[in-house]
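**Q** As a plain string of letters, each chain reads:
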Amino acid sequence: MKTFAYSRAESPEAAVAAGGRFIAGGTNLLDLMKLQIETPESLVDISRLDLAKIEEREDGGLTIGALVPNSDLAADPRVIAGYPVLSRALLAGASGQLRNKASTGGNLLQRTRCYYFYDKATACNKREPGTGCSAIGGVNRILAILGTSEHCIATHPSDMAVAMRALDATIVTLKSDGDRRRIAIGEFYRLPGDTPQIENVLEAGELITHVELPTPPKGEQLYRKVRDRASYAFALVSVAGIVSVEDGKIASAALAFGGLGPMPWRDPAVEAALIGQAPSDAAFAAAADALLKDAKGYGTNDFKIPLTRRTLIASLRELTGVSA
Amino acid sequence: MQFTINGETHDVEPDIRASLLDVLREHVGLTGTKKGCDHGQCGACTVLVNGRRINSCLTLAVMHQDDDILTIEGLGSADNLHPMQAAFVKHDGYQCGYCTPGQICSAVGMLDEVKKGWPSHVSDKLDSVSLSNDEISERMSGNLCRCSAYPNIVDAISEVSGLTPAQKEAADA
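First to last, the sequence lines map onto chains A and B.
Per this note's numbering, the very first residue in the first sequence carries number 1; after that it's consecutive.
Per this note's numbering, the very first residue in the second sequence carries number 1; after that it's consecutive.
These aren't lab readings, by the way, just hints derived from the structure by calculation.
There may be inaccurate statements among the hints.
[Claimed, not checked] List time: in silico DSS-like cross-link candidates among lysine-lysine, alpha-carbon distance up to 25 angstroms: (1) B:90 with A:53; (2) A:34 with B:35; (3) B:116 with A:53; (4) A:218 with B:125; (5) B:90 with B:115.
Kindly produce the complete structure, drawing on both the sequences and the hints.
**A** In C-alpha cells:
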C-alpha cells in the first residue's frame, strides 16, 4: 500500500473542504489500496460524522444517512415494511462482517470486480486509461452484456444500488463549494464510452450525505439474484422488481437489473412492454425481448443473455402470481 | 495511537497504513486473530468492534482508536472457555484450527444479530426470524474453512444458540 496523509473530519463541511479521498467503511477502498489499484495521497475519515441515521420524512419517504451500514439498513423495520426489495438486495450481498462495515454511500461507489481491473499485469482502461481492455477477448463470464463500449465491459457490482434504482432513489450530496445537490439515481452513473474510469457524475470532493427513498411503492417487491455460489458471491444477473396488478392488468412496473451493465440497469421499454398487459408468459417474453434487444455477448458471457431472459420471466411470474 | 482491546488500553505507534489486524498481531502481540487472505474474503481475521463482527484486515487501525475491540483472547481462555469455544471443542468444529478464532468471533457476533431480529438472505420472512441450520450456514458464509469442518461448526453454533434437534428439523423443513 502506498502511504497517505490521514485526517478525521469533524463535519461534512470540513470533510469536503479537506480535499482528500473519503473513507467510511473502507471495505472496497482498502482492498484496492492494498493492491495499489487505488493510491490516494490523503484519506479523509468520515466514519464518525453524524450521517448514520434513517429518518422518516413528512412526505412519507425515508432519508438514509450515507454512513448507515448495510446491515442496519437491511434490518430497519421501516425498510422491511415499505421497501423489502432493498432489504433483500442488501442481504443477498457480501458477508455478515462486510455488511456490518460497508456504508450506504460507499456501496453506491463500489468499483467493478472485473478480473482485469484487479490484475495489474493486464490492460484495463478503467484502471489505466488508454491501455486497452483485456476483458474483451478474455475470460469475461461475469462481465457486462448491456451498456458496454469497445473500451470497457465491466459491471457495477452492487446489489443495493439495483434495488435503489427500481425504487427511484435520490442521492443527496455536499459539494466542495458548500452547495448541495440532489441527483436521481437514474442520472448518477455514467456509461463507460471512451472514459470508463469516470463512473458517476460526482465532482471532485463531492460527498454523498444521504439517499432519499420516495414513499413506499404499491405492488409486490422482489429481489432475485443468480450467482455461482448460494451465498457470498456477486450477481451473474439479478432483478429488483416492483409490480402492481389491478383488474387483471399490470398497472405499474419498476424493474432494475444487476450483473448486466456498467450501472444498475433500467430500461423504460421493459416496463412499457408490461404496463396495461394481463400477466402472462407472452407479456413477460415481450419484456425480455425489450431488455435484451441490444444485448451483446463477448464469448464466455454469452450465456448471460438466455439466463437473463429466464430470470426475468421467473421474477415476473413470482411478482404477478402467474404459474409456469 | 491508543486502543482499547479486551478491556485493556494499549499505546502503540504503528504505520498509518496498518490494518487493525496488523496492530493486533504485530504491535500488541495478540496473535489469536489470524491473517488468511488479507482481503476480507475468508473471515479468519474476524473480531468484534463495539459488539459487531467485522474483518479486521479490511479496516485501518487508526480509525478504531475510540472503539471497544474484542478478540478471541478476550472472549475466553484455556482455563475459562467461552461457551462458543467449549462447543467448538465438544463438536470438533475444526481440523487445522487456523480459521477457528475467526469462526468463533463471527458466531458470537452472528447470534447477537439474530437476537436483534436481523433477517438473512434465507429468512422466509424479514420481520420474524427463527434460527435453523440453513440460517447458520448463510449467516456464517463469510468464514471459510479449508478443512471443511462446516457440519461440526454448524452443530457447535446450533448448540450454543439453544436450538433443539426438533427445532432444527422444524425450521429446516
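**Q** Against each hint, give a clear statement of whether it holds in the structure.
**A** Cross-check of the supplied hints:
1. B:90 with A:53: violated, 42 angstroms
2. A:34 with B:35: It holds: about 14 angstroms lies between the C-alpha atoms, which stays within 25 angstroms.
3. B:116 with A:53: Given that 25 angstroms is the threshold and the Cα spacing comes to 18 angstroms, the pair holds.
4. A:218 with B:125: holds, 19 angstroms
5. B:90 with B:115: holds, 24 angstroms
Checked against the numbered hints listed earlier, the structure breaks hint 1 alone; every other hint is satisfied.
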